[in-house]
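Enquirer: What follows is each chain in one-letter form.
Protein chains: 2
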Amino acid sequence: MTVQISSLRGFSTAEFEARYARAQTVMREHRLDALLLTAPPNVRYFTGFDSQFWESPTRPWFVIAPLDRAPIAVIPEIGEPEMALTWLTDVRSWPAPRPADDGVSLLADAIASLPVRFGRVGAELGREMSLRMPVMDFLSLRDRVKGVEFVDGSPCIWRIRMIKSAGEIARIRHICEIASDAYAALPGKVHIGDTEREACRRLRIDIAERGADATPFLPGISGPGGVPQIVCGPHDRPLEKGDVLFIDTGSTYDGYFCDFDRNYAIGEISDAAKRAQDAVWLATEDGIAAAVPGSTTSDVWRAMAKRLESAGSLGNNVGRQGHGLGLQLTEPPSNMPGDDTLIEVGMVLTIEPGMEYAPGKMIVHEENVVITPSGAELLTKRAPREMWRID
Amino acid sequence: MTVQISSLRGFSTAEFEARYARAQTVMREHRLDALLLTAPPNVRYFTGFDSQFWESPTRPWFVIAPLDRAPIAVIPEIGEPEMALTWLTDVRSWPAPRPADDGVSLLADAIASLPVRFGRVGAELGREMSLRMPVMDFLSLRDRVKGVEFVDGSPCIWRIRMIKSAGEIARIRHICEIASDAYAALPGKVHIGDTEREACRRLRIDIAERGADATPFLPGISGPGGVPQIVCGPHDRPLEKGDVLFIDTGSTYDGYFCDFDRNYAIGEISDAAKRAQDAVWLATEDGIAAAVPGSTTSDVWRAMAKRLESAGSLGNNVGRQGHGLGLQLTEPPSNMPGDDTLIEVGMVLTIEPGMEYAPGKMIVHEENVVITPSGAELLTKRAPREMWRID
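For the record, the sequence lines run as chains S and W.
Residues 1 to 391 in the numbering used here are what the first sequence lists, from first letter to last.
Residues 1001 to 1391 in the numbering used here are what the second sequence lists, from first letter to last.
Because the hints were derived from the structure by calculation, they are not lab data.
Errors might be hidden in some of the hints.
So the derived list for chain S, only partly shown, Cβ under 8 angstroms to chain W, looks like this [to be verified]:
1. Ser51
2. Glu80
3. Glu82
4. Pro99
5. Ser130
6. Met136
7. Phe138
8. Arg204
9. Glu209
10. Cys232
Between beta-carbon pairs, the in silico distance windows are [as the list claims (entries may be wrong)]:
11. W:Gly1193 x S:Ser12: 24 to 32 angstroms
12. S:Gly346 x W:Thr1089: 42 to 50 angstroms
13. S:Ser113 x W:Ala1185: 46 to 54 angstroms
14. W:Lys1241 x S:Ala185: 36 to 44 angstroms
Straight-line alpha carbon distances no greater than 30 angstroms define the calculated DSS-like cross-link-like pairs of lysine-lysine that follow [what the hints assert, rightly or not]:
15. W:Lys1189 x W:Lys1274
16. S:Lys361 x S:Lys189
17. S:Lys189 x W:Lys1189
18. W:Lys1361 x W:Lys1274
19. W:Lys1241 x W:Lys1381
20. W:Lys1146 x S:Lys146
Idealized CB from N, CA, C, for every residue including glycine.
The following block holds chain S by itself, in its conformation from the complex (with noise of 0.2 angstroms):
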């Protein structure tokens, strides 16, 4: 488990054959002929390519991955230097933009010409899934490719990527490790009366200098012992006494994503705020000790629901207690009734206890683990059990 961070940029051809070779067993498992991919982190976990450009929604890209051959990349000739430096040794591409046919009819001949085995590609058609392309164009590739079922591949590609390798696990770490010091640092560097926008912005940067690529994610929000969101912000609101401020972020290194919060009390906070807090606290212990092999994620959830409900908790509005987090900020599984998801090694997951002690007064943490034969093992330096102050 041990990699250095010098070597944590780029994968090894190595790893994306191991990578691929597991892809396949599963794709047969799922009676797959092979996968349709566009959308980016599922685009880089295959290939090793990395642009910020996915954020112009203008050209498609597309890779293909076959069940008895290496990938291929179907993508906009803007792109073809750099896929040219990534394992893959099929790189087919068109001028793009073409509004009148992006890529459908390069990408209709490169899946035509597949041996045909199940008869069916799974696409990101579910869970927890967008396609990255025109739906009238996936439409009408369906119906050009004849022979060939296009089926739901989610479910084969979320099992592909819900268990990490190492490589994998020393990014998160590290990235976990890079907002657990930016997030210790916060209180010197904020005072009461500065707005929650002043502190992200603090944070922001700190997370930058302190060696993260990037930050997509990084809301926060503040109010009177508590709040009563946690996805949206920061405001213009300045910080007060009693106060807590809530910030959670996904930053990434090297492509892959911490997902974790702090809180920070605002001068000296209210009694019941230092209650649940202190349930919070606890029911993030609860959730890390259940994390273990052979347990569920309905477990999990289970674990950290009975100390909240027990301290009082009028439940919250975020749905589940935790979820997967990789190359996206959010990934399957979640932790959560009828989720049922089998915890294995290798998986990497978020704690998120939250609960609602009085209405519009929330409580939320979060932390990041992976999955090690003898349990969950933090990722993240675990928060204080009592908040960090701001003065």
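We have chain S already, so just place chain W on it with the hints.
Expert: Below, chain W without anything else, positioned relative to chain S:
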């Protein structure tokens, strides 16, 4: 056009009502009973709802924009407290994630209850759009809602968003100025021997310190006398004498993007690189001069292409020479042959000529302009005719 910076956070209800009235006119022209919106920039355009939580792919969010009533939000419970702060009054939610029915039945009921006039609902199915929901769920929705045809709403949506309001333009101008100043300051922060990655990190931090909200796009690449591509990087390549360092950025303020690049000479660059630089700089002047109301995007392309061809351009792999921008890094139209979009007052465009003057040596410039009655007005602070130099 003068808007105070202090007023650049959020839009008034009057602005949303004006947008919506115009949208309804365009919807009528496109014979749509409603638009179904799932993508963050579309949701934000119509509601003002701002969240970084879009980074999580787990939960879909929906806004229905009907022809003859106010918009309806159908969203996960986690977003309800913040959506309640927008101008929308009809906000419906479900306890997400709920994989068996993640909003689909609630959404179907909401659409089914709308009055039917044209029998057509426009969804994000076409050009430069992706549907941010599982395609399986969309197909199920389409089957459930009887008597309504789901058609491609992207021409209608782009027509609405392509003409910017004064408030939108003010935000783009503000982020363009922030990035312009940060680019100008970079030569004082970077030296020969620093890596591309370090140069980009310093620029990223400076842009944040100058007040940008986020920097979703900041590729950087260097090479002797020019670069092979402009959408990937930075890498750990150290800057060497004779290199051109290319950096592009899409940073945001209050949701609105800039999108422009700058080139830096590392020490002294070759005469051939200097000649190409001058030709591309002049082509930018030509493009800006050609972007007048009544001309077309093809005219703008031709004005630049003429200059670059006469300078001996080998072409380039970008595929167009500029595009729209706003709530997204790139939006229609495209400055390219065959696009032929009429240029109108209120459009914001990038002017982006580029040429490969020798194999693998490309130089690309970019500025952002707003179209006014008297022609294109720069939003960026114009790049110098000779590259800034880094020693």
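Enquirer: Confirm or reject each hint.
Expert: Hint check results:
{"no.": "1", "hint": "Ser51", "verdict": "holds (5 angstroms)"}
{"no.": "2", "hint": "Glu80", "verdict": "holds (7 angstroms)"}
{"no.": "3", "hint": "Glu82", "verdict": "holds (4 angstroms)"}
{"no.": "4", "hint": "Pro99", "verdict": "holds (6 angstroms)"}
{"no.": "5", "hint": "Ser130", "verdict": "holds (5 angstroms)"}
{"no.": "6", "hint": "Met136", "verdict": "holds (5 angstroms)"}
{"no.": "7", "hint": "Phe138", "verdict": "holds (7 angstroms)"}
{"no.": "8", "hint": "Arg204", "verdict": "holds (6 angstroms)"}
{"no.": "9", "hint": "Glu209", "verdict": "holds (6 angstroms)"}
{"no.": "10", "hint": "Cys232", "verdict": "holds (4 angstroms)"}
{"no.": "11", "hint": "W:Gly1193 x S:Ser12: 24 to 32 angstroms", "verdict": "holds (27 angstroms)"}
{"no.": "12", "hint": "S:Gly346 x W:Thr1089: 42 to 50 angstroms", "verdict": "holds (47 angstroms)"}
{"no.": "13", "hint": "S:Ser113 x W:Ala1185: 46 to 54 angstroms", "verdict": "holds (52 angstroms)"}
{"no.": "14", "hint": "W:Lys1241 x S:Ala185: 36 to 44 angstroms", "verdict": "holds (38 angstroms)"}
{"no.": "15", "hint": "W:Lys1189 x W:Lys1274", "verdict": "holds (23 angstroms)"}
{"no.": "16", "hint": "S:Lys361 x S:Lys189", "verdict": "holds (25 angstroms)"}
{"no.": "17", "hint": "S:Lys189 x W:Lys1189", "verdict": "holds (23 angstroms)"}
{"no.": "18", "hint": "W:Lys1361 x W:Lys1274", "verdict": "holds (12 angstroms)"}
{"no.": "19", "hint": "W:Lys1241 x W:Lys1381", "verdict": "holds (27 angstroms)"}
{"no.": "20", "hint": "W:Lys1146 x S:Lys146", "verdict": "holds (29 angstroms)"}
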